[in-house]
Amino acid sequence: MSAMGGDMDMSKMMEMLASQRTDIKTAIKKMLSKIDAVTIHYIEDCLNCGICAPSCPFYKAGPEYTPVNKAEQVRKIYRKEMTIIGKLLGGLANAWEPKDDADMKKLMDLAYACTNCGHCYYTCTVGIHSGTMVGLLKSMLTAAGYVPTILNLFEAVEVNNMHMKIPGLAKLWNDAITEAQNKYGAIEFEKKGADIFFMGWLTDAFMMREGFIATIGILNKLKELGISWTTWKEPLAVRAPISVVIGRGENAAQVVSRIAKYVDELRPKYVVLMDGGYPYPVFRFNMYNTIVKALGKKPEWKIIHITELLAELLRAGKIKFKKSNDPITWHDPCQLGRHSRVFEPPRVVLKAASVGYRDLPHNREMNYCCGGGGGIGCMLREVRLMMGQIIGQEIRISPEEEEFERRVEEKHKIAVRRKMEDIAKVQPKLIATACPACVETINRGIRWFGEELGIADAKAIHISEYVVDKLEITKH
Amino acid sequence: MNVGGWGSPNDIFNFAVYYLLVPSIFIFSAGATYRIVKLLVNTKWSKVQKGHNGWGEIIKGLIMTFLRPIIFSAKVKPDDFIAGILLLHLVGVIPVLFLLGQHISWWSYYFPAYKALWIFSVPESISTSVLTVTSKVIPSSSMSFTFVNTIWGPLVVILNGDLMSLFILIAIGYKCAVRLTETVMKHNISPARYGDYIAYLLLFLIVFFGYAAARHWPSENTAVYRNVLGLHVLFAELLFMYIPFSKYWHFVFGYWYGKLHEWYDNDIKRGEMEVEL
Ligand code: SF4
Ligand code: SF4
Numbered sequence: 001m002s003a004m005g006g007d008m009d010m011s012k013m014m015e016m017l018a019s020q021r022t023d024i025k026t027a028i029k030k031m032l033s034k035i036d037a038v039t040i041h042y043i044e045d046c047l048n049c050g051i052c053a054p055s056c057p058f059y060k061a062g063p064e065y066t067p068v069n070k071a072e073q074v075r076k077i078y079r080k081e082m083t084i085i086g087k088l089l090g091g092l093a094n095a096w097e098p099k100d101d102a103d104m105k106k107l108m109d110l111a112y113a114c115t116n117c118g119h120c121y122y123t124c125t126v127g128i129h130s131g132t133m134v135g136l137l138k139s140m141l142t143a144a145g146y147v148p149t150i151l152n153l154f155e156a157v158e159v160n161n162m163h164m165k166i167p168g169l170a171k172l173w174n175d176a177i178t179e180a181q182n183k184y185g186a187i188e189f190e191k192k193g194a195d196i197f198f199m200g201w202l203t204d205a206f207m208m209r210e211g212f213i214a215t216i217g218i219l220n221k222l223k224e225l226g227i228s229w230t231t232w233k234e235p236l237a238v239r240a241p242i243s244v245v246i247g248r249g250e251n252a253a254q255v256v257s258r259i260a261k262y263v264d265e266l267r268p269k270y271v272v273l274m275d276g277g278y279p280y281p282v283f284r285f286n287m288y289n290t291i292v293k294a295l296g297k298k299p300e301w302k303i304i305h306i307t308e309l310l311a312e313l314l315r316a317g318k319i320k321f322k323k324s325n326d327p328i329t330w331h332d333p334c335q336l337g338r339h340s341r342v343f344e345p346p347r348v349v350l351k352a353a354s355v356g357y358r359d360l361p362h363n364r365e366m367n368y369c370c371g372g373g374g375g376i377g378c379m380l381r382e383v384r385l386m387m388g389q390i391i392g393q394e395i396r397i398s399p400e401e402e403e404f405e406r407r408v409e410e411k412h413k414i415a416v417r418r419k420m421e422d423i424a425k426v427q428p429k430l431i432a433t434a435c436p437a438c439v440e441t442i443n444r445g446i447r448w449f450g451e452e453l454g455i456a457d458a459k460a461i462h463i464s465e466y467v468v469d470k471l472e473i474t475k476h
Numbered sequence: 001m002n003v004g005g006w007g008s009p010n011d012i013f014n015f016a017v018y019y020l021l022v023p024s025i026f027i028f029s030a031g032a033t034y035r036i037v038k039l040l041v042n043t044k045w046s047k048v049q050k051g052h053n054g055w056g057e058i059i060k061g062l063i064m065t066f067l068r069p070i071i072f073s074a075k076v077k078p079d080d081f082i083a084g085i086l087l088l089h090l091v092g093v094i095p096v097l098f099l100l101g102q103h104i105s106w107w108s109y110y111f112p113a114y115k116a117l118w119i120f121s122v123p124e125s126i127s128t129s130v131l132t133v134t135s136k137v138i139p140s141s142s143m144s145f146t147f148v149n150t151i152w153g154p155l156v157v158i159l160n161g162d163l164m165s166l167f168i169l170i171a172i173g174y175k176c177a178v179r180l181t182e183t184v185m186k187h188n189i190s191p192a193r194y195g196d197y198i199a200y201l202l203l204f205l206i207v208f209f210g211y212a213a214a215r216h217w218p219s220e221n222t223a224v225y226r227n228v229l230g231l232h233v234l235f236a237e238l239l240f241m242y243i244p245f246s247k248y249w250h251f252v253f254g255y256w257y258g259k260l261h262e263w264y265d266n267d268i269k270r271g272e273m274e275v276e277l
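Quick mapping for you: the protein sequence lines, in order, are chains A and X.
If you read the first sequence in the working numbering, its first letter stands for residue 1, the second for the next number, and so on.
If you read the second sequence in the working numbering, its first letter stands for residue 1, the second for the next number, and so on.
Extracted from the complex, chain A is given alone in its bound form:
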């Protein structure tokens, strides 16, 4: 048996992944088949005004990384394949398509310089979401086998539901669950008809461990209000669906359907997430159709974030928090904030818990992305080495991919720095947030730039970690 555990070792897994790739032409066709009215607008209506440019966390990495320049790659392919003028005039009509390995590698550099933060959507003159366009580009690259190894690997692990068969990963989950129960009492697993199903991911348990334990603590305390809750004994995904990060829609649908069917069996009223990253908008908006299709009906359960639950209970006067004066701020995860527009609940909670709360200079719609989304935060050398240790097998990549990894990290640093400068302006001691990529990235940013910017002793945490011990039930 391999060190990774289970029935499959790394090389077999990589072989399986390689077998999924198609040729470039087919990958292009596949990408173009996904185009709908809204994407046609994104493709055809860009004014080329460049106003979106400064909103991008990668703006300062070079002019080629502006939202419009990244999205233009899809436009060029579209012109070449779908327009008469593009077919006839080629480059003169700004039409082009990748032909070989070198072209695809250039596109990789552009595609993995986007966190799909959505900032450019809000600042675009005509409402174009360049992040969605980069998502299309990624889907083409992935289909042709151009995908970062670590993301490819974890996607395969998730799609094949193998994560809990890998001892290192299973241990992280089990240890966190055990500690949560020791600290905050027993969990009733897989209970049917509970008010809440807590959809905690494997990544919650190891990337936001304290927050994960605290969320369980909060839910156990809420039992005093007569609110029942349950969760899965073993998560059905690493962080569903990883496939959306690399643009493999069919695999994402498979994972989301599997989870929806499982949750529906338990008949909860609410599905609560502590993760405010991509799973939240994916389940509530982007792939809700998939859920409806998988169940053959609209689900009875509503998808909410833990901060929406707490804010509502606060507003209803059912809970309160012991107040402190900690200098704390809230970093809007792009997916919970811009992509889902859940801006106020975390602020309601934090303001109730600390008089020292302050907003970041750039907040809500205009929040600065941390720079770690879109899989970028996982594509760094240090993360790859750490993940290798966890799964018990080194995740090896080619020297060429190592170069790519290094370039990704360089750009990532530029994006992270912008966030850190924004944070430094309000000098918080704590940066509460709700996405594992944000927690990791901001803490990494503090390591990289904290000393220089005077925030070396600040720390990013999941919001649950901050409020769990302050929570008081006021109405029974």
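FYI, nobody ran anything at the bench for these hints, they're computed from the structure.
Model, not experiment: these values are computed from the prediction.
Glycine included, every Cβ here is placed at the ideal spot set by N, Cα and C.
Relax, there's no trap hidden among the hints.
Partial pick of chain A residues on the chain X-facing surface, computed with a CB cut under 8 Å:
no.: 1; residue: A37
no.: 2; residue: C49
no.: 3; residue: T66
no.: 4; residue: K302
no.: 5; residue: E312
Position chain X with the ligands relative to chain A; hints supplied.
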């Protein structure tokens, strides 16, 4: 095609006004229909768990959807804001096209209800405005409506055809210069698209010949005037035909569709969930 049955294409004006108008409307309509139908057939409605948004937030969302990029560009790209938004659009093409006295008269000819906007008419030049704003004398006109009777008061110092045309020409010049410099320096913030130059050139020519015609430049000679004005109309028609196939589509559809879609997507569809526990 000879619309109206009089005049022959013996000068550019005749050709533009009496021969090219209908074909240009036809090409525009065909292109516009194609683009709209393409969107309609590709429309997909997706189900979501909708946000629980109040009307106040939804209306504020609508306003901000339109304002946000303007505020953003004013803050972070002031040059683009001044050239692209302010000079080219807000005190450029929009008031010139819709409110310049001559243009109101043109619009009213085809759409009589447009006459209602006479009150907002913008004069051709600052001297005309001085006449109408400060003197009791209203310029005589053989037309059925008063030629200039501005309510803009001192604002006509800016809101006059002469100056606004110059604003447009300067803005186009600036935009092209930036784009060319970026291309030469290989530092393109946005892609170098050849179509943009065609678009800018057409607009430049329309404004340039409109400006020249209004000043009876280069000569007072009627034949010359007719040709210069004819070029103004001709290029306007070329641009009109080019609209559905170019970035100018934003003016009639793309901008409105994009902003309203963004508003629906962000402020109606998404948002906090209602929790009742
Ligand atoms: S979604 Fe964010 S990271 Fe991607 S292009 Fe737009 S601003 Fe840049
Ligand atoms: S702001 Fe919008 S229209 Fe302007 S370049 Fe960016 S994507 Fe294109």
